[in-house]
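Protein chains: 2
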Amino acid sequence: MNKRMKCTLAYDGTHFSGYQVQPGKRTVQGELERVLTQMHKGQTVRVTASGRTDAGVHACGQVIHFDTSLSLSPQQWKKALNALLPDDIVIKHIQEVDASFHARFAAKAKEYRYKVRNAEERDVFLRHYCYHYPYRLDIEAIKQALRFIEGTHDFTSFCSAKTDVDDRVRTIYQADVAVNQEMLEFRLIGSGFLYNMVRIIVGTVLEVGQGKRSVDSISTILAAKDRRLAGPTAPPQGLYLWKVYYDN
Amino acid sequence: MNKRMKCTLAYDGTHFSGYQVQPGKRTVQGELERVLTQMHKGQTVRVTASGRTDAGVHACGQVIHFDTSLSLSPQQWKKALNALLPDDIVIKHIQEVDASFHARFAAKAKEYRYKVRNAEERDVFLRHYCYHYPYRLDIEAIKQALRFIEGTHDFTSFCSAKTDVDDRVRTIYQADVAVNQEMLEFRLIGSGFLYNMVRIIVGTVLEVGQGKRSVDSISTILAAKDRRLAGPTAPPQGLYLWKVYYDN
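Residue numbers (the UniProt record's numbering), protein chains in the order written: chain A, 1 to 248; chain B, 1 to 248.
Extracted from the complex, chain A is given alone in its bound form:
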């Protein structure tokens, strides 16, 4: 009898060509499936994630599911997987779930965080873990700009022009930023996110903070539904898939 397992994991995205399997590339999904297939004596195991992350993007709480014929306790699963996985992926939690659970389709909301280091000098130890933005910022203006992001909007202007999704209406429940000395931590919780959406939002509100754009330009950009009006896509190393929310 097959069982469905739900698994929460963290990974350092620095040395991955993103989450999703690509031939000849090192990916998170590729490593997970390689290890699970090994545990199943060569029988191919496929995993399904809540969504992809790009090259260089990190995760603290990515969620995947997979089906298995093995009979292991959650503790045994966690120990075995963590012993076999490379040191830039770690399993934080694993549990058996109902066969109807689906990591992607059952997700109710997602939380992303984006870390910015607002200081003049580079920090060699944080270069892969935040975006170094050395310009003076008006934090209050950034907070006000983020208010315009909250709510239900068509986010066409804030997603990659390459996006092939037709419905670009999403609801952002929370969009704010916490400041701790030179570190800014953006926190976005939403029903769903379009391709590059968090990175374009951050890239745009940083320009608001720098005085290059006005606070209420955000509503103009939203209304225009045109990617060219928003700011640049902030780089991947500041982004963290923080949490995926499910019912219960």
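No lab work stands behind these hints, which were simulated from the structure alone. Errors might be hidden in some of the hints.
Which copy is meant is left open, because identical chains are indistinguishable; a pair holds if it fits in one copy or across any two.
[Unchecked claim] No farther apart than 30 Å at their CA atoms in a straight line, the calculated lysine-lysine pairs in the DSSO-like style are these: (1) Lys212 x Lys78; (2) Lys115 x Lys92; (3) Lys78 x Lys143; (4) Lys6 x Lys212; (5) Lys41 x Lys143; (6) Lys212 x Lys79; (7) Lys78 x Lys162; (8) Lys3 x Lys78; (9) Lys162 x Lys92; (10) Lys212 x Lys3; (11) Lys25 x Lys143; (12) Lys92 x Lys225; (13) Lys162 x Lys41; (14) Lys115 x Lys243; (15) Lys3 x Lys115; (16) Lys79 x Lys225; (17) Lys162 x Lys79; (18) Lys3 x Lys162; (19) Lys108 x Lys41; (20) Lys212 x Lys108; (21) Lys225 x Lys243; (22) Lys143 x Lys6.
With chain A's structure known, arrange chain B on it following the hints.
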């Protein structure tokens, strides 16, 4: 007229084969000399450091000196060097000094720190920046053990057997550990350090904390002058050359 420059720098040791130049290897000294030689239009510039660091060991405050015929202000030097250096080395401070200054021979004391993460699970984001030690530790025992390290001793037992230095007497002014949640930060300030000395001290007092050795075993080990009596060499990624002290 040549000027002597004193320079304080930080580096992430993860992707270096240590500080010192080795043919065919990526080293900190190699990168510094490559960039300085480039700035001097191909005329070879050599740098002298306060001391070496091993592969994987980090620095927050390594000090070097070099001689130059260029006439740049400290600010121009810093900007030019940081623009040319790779992203895992950063110049924090540079100043002109008297020709008698010597980064190694003028050093009065050095401070090293060693970071240990005492938690059950791996942290993918810290794997290159601390030593993951998942065993339960008696912090009070570690603190008491470190007391025996302070003072003037022959540290033969706490240096690599490969050391070719004859005089192994050093003075440790301060040896303690600060605990912040799951992170332990060892701090050692001394007149000088032998090869692998900090890492062997940490490897040994962690065994005291784990209950594998008694607190006062440290004085027995010191007295024996035998490397085989001390504990293992803690791994390089937890170690930071924190500061080099000079007169004035």
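So, going through the hints one by one against the coordinates:
For a Cα distance limit of 30 Å, the shortest separation of Lys212 from Lys78 across copies, 28 Å, qualifies, whereas the shortest one inside one copy, 48 Å, does not. Both within a single protomer and between protomers do Lys115 and Lys92 lie at most 30 Å apart by alpha-carbon distance, with minima of 22 Å and 22 Å respectively. Within a single copy, Lys78 and Lys143 get their C-alpha atoms no closer than 40 Å, and across copies no closer than 34 Å, so neither meets the 30 Å cut-off. In the homo-oligomer, the alpha carbons of Lys6 and Lys212 never lie at most 30 Å apart, since the shortest distance is 44 Å inside one protomer and 39 Å across protomers.
Taking identical chains as interchangeable, the C-alpha atoms of Lys41 and Lys143 are never at most 30 Å apart, the minima being 52 Å within one chain and 48 Å between chains. In the homo-oligomer, the alpha carbons of Lys212 and Lys79 lie at most 30 Å apart only across protomers (25 Å), although the nearest pairing inside one protomer, at 50 Å, exceeds that limit. Neither within a single protomer nor between protomers do Lys78 and Lys162 lie at most 30 Å apart by alpha-carbon distance, with minima of 37 Å and 41 Å respectively. For a Cα distance limit of 30 Å, the shortest separation of Lys3 from Lys78 inside one copy, 16 Å, qualifies, whereas the shortest one across copies, 59 Å, does not.
Proximity of Lys162 to Lys92 under the C-alpha cut-off of 30 Å is found in neither arrangement, the shortest distances being 33 Å within a copy and 41 Å between copies. Neither within a single protomer nor between protomers do Lys212 and Lys3 lie at most 30 Å apart by alpha-carbon distance, with minima of 54 Å and 42 Å respectively. For the identical chains of this complex, Lys25 and Lys143 are neighbours neither inside a copy (39 Å) nor across copies (47 Å), given an alpha-carbon limit of 30 Å. When the C-alpha separation of Lys92 and Lys225 is checked against a cutoff of 30 Å, the pair qualifies neither within a copy, at 39 Å, nor between copies, at 44 Å.
Taking the closest pair of Cα atoms, Lys162 and Lys41 never come within 30 Å of each other, the shortest separation being 39 Å inside a single copy and 45 Å across copies. Both within a single protomer and between protomers do Lys115 and Lys243 lie at most 30 Å apart by alpha-carbon distance, with minima of 15 Å and 28 Å respectively. Taking the shortest Cα distances, Lys3 and Lys115 never come within 30 Å of each other, neither inside one copy (37 Å) nor across copies (41 Å). Taking the closest pair of Cα atoms, Lys79 and Lys225 never come within 30 Å of each other, the shortest separation being 48 Å inside a single copy and 41 Å across copies.
Proximity of Lys162 to Lys79 under the C-alpha cut-off of 30 Å is found in neither arrangement, the shortest distances being 40 Å within a copy and 38 Å between copies. Taking the closest pair of Cα atoms, Lys3 and Lys162 never come within 30 Å of each other, the shortest separation being 37 Å inside a single copy and 55 Å across copies. In this homomeric assembly, Lys108 and Lys41 never come within 30 Å of each other (Cα to Cα): the closest approach is 35 Å inside a single copy and 60 Å across copies. Taking the closest pair of Cα atoms, Lys212 and Lys108 never come within 30 Å of each other, the shortest separation being 35 Å inside a single copy and 49 Å across copies.
Proximity of Lys225 to Lys243 under the C-alpha cut-off of 30 Å is restricted to the intra-copy arrangement: shortest distance 28 Å within a copy versus 53 Å between copies. Proximity of Lys143 and Lys6 under a CA criterion of 30 Å is satisfied in neither setting, with 36 Å inside one chain copy and 42 Å between copies.
In this structure, the hints that do not hold are numbers 3, 4, 5, 7, 9, 10, 11, 12, 13, 15, 16, 17, 18, 19, 20 and 22, in rising order.
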